[in-house]
Amino acid sequence: MVRTIELNKRQEQILEIVKENGPITGEQIADQLNLTRATLRPDLAILTMAGYLDARPRVGYFYTGKTGTQLLTENLKKIYVKQFQSIPVVVPENVSVYDAICTMFLEDVGTLFVVDKNSYLVGVLSRKDLLRASIGKQELSTLPVNIIMTRMPNITTCEKDDLLIEVAKDLIDKQIDAVPVVKKTSKGDLEVTGRITKTNITKAFVSLADDQ
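With the working numbering applied, the sequence shown corresponds to residues 1 to 212, in that order.
No wet-lab data here; the hints were simulated from the structure. In this text, all values refer to a predicted model and were calculated from it rather than measured experimentally. Errors might be hidden in some of the hints.
20 Å max Cα-Cα, derived SDA-like pairs, lysine to any residue [claimed, not checked]:
{"hint": "1", "residue 1": "K9", "residue 2": "R37"}
{"hint": "2", "residue 1": "K128", "residue 2": "K174"}
{"hint": "3", "residue 1": "K198", "residue 2": "M104"}
{"hint": "4", "residue 1": "K78", "residue 2": "T199"}
{"hint": "5", "residue 1": "K183", "residue 2": "P153"}
{"hint": "6", "residue 1": "K198", "residue 2": "E166"}
{"hint": "7", "residue 1": "K78", "residue 2": "C158"}
{"hint": "8", "residue 1": "K169", "residue 2": "K198"}
{"hint": "9", "residue 1": "K184", "residue 2": "P153"}
Using the sequences plus the hints, can you model the full thing?
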């Protein structure tokens, strides 16, 4: 994974030379800048790894024509759910709303995934769901979560090999805080193997920016 870098003055000069003269060899670039090939090698490596330049043996360097935004988009499309998913917090469908609230507080999460006796996904509980139940006059210690949870087919899920950017779009479009990462069984049931939250998405963007 490579970030969209902030170019220094010499790297910008290299880009201009390659734009105007490419394909051009490293030695020819060095001659134009009155520098040694060894001095330029790190800059050429960075520009090539970042996607601004491409290099072909016995041909030289040429400009890819891609903007920083295009390169960032390409890098985003290389990040998969499995790289940033975290451990899911699940509760059984017969647990009380009161216990679910305690679990959410103790685990410091905003979404709980509800599973049946076979540990297959049957529902999702958000902070809003639990808050809504708390405002009513129900007895929370006896009210099971399966009464208030969101059920299939209204649950948004993802799989480990999905692109993270697509999951991010779902979070935005559907105004939800998290989605379960699932694995489908041969019978079509869903095993919860992880979760993707807005925090996971943020970590991915920070990682992309920090990756040299």
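Comparing the hints with the structure gives:
1. K9 <-> R37: Holds, because 17 Å separates the two Cα atoms, which is no more than 20 Å.
2. K128 <-> K174: The given pair, whose Cα atoms are some 14 Å apart, holds under the 20 Å limit.
3. K198 <-> M104: The given pair, whose Cα atoms are some 16 Å apart, holds under the 20 Å limit.
4. K78 <-> T199: holds (19 Å)
5. K183 <-> P153: With Cα atoms ~16 Å apart, K183 and P153 stay inside 20 Å; holds.
6. K198 <-> E166: holds (13 Å)
7. K78 <-> C158: holds (16 Å)
8. K169 <-> K198: holds (11 Å)
9. K184 <-> P153: holds (14 Å)
In summary, the structure agrees with every hint in the numbered list given earlier.
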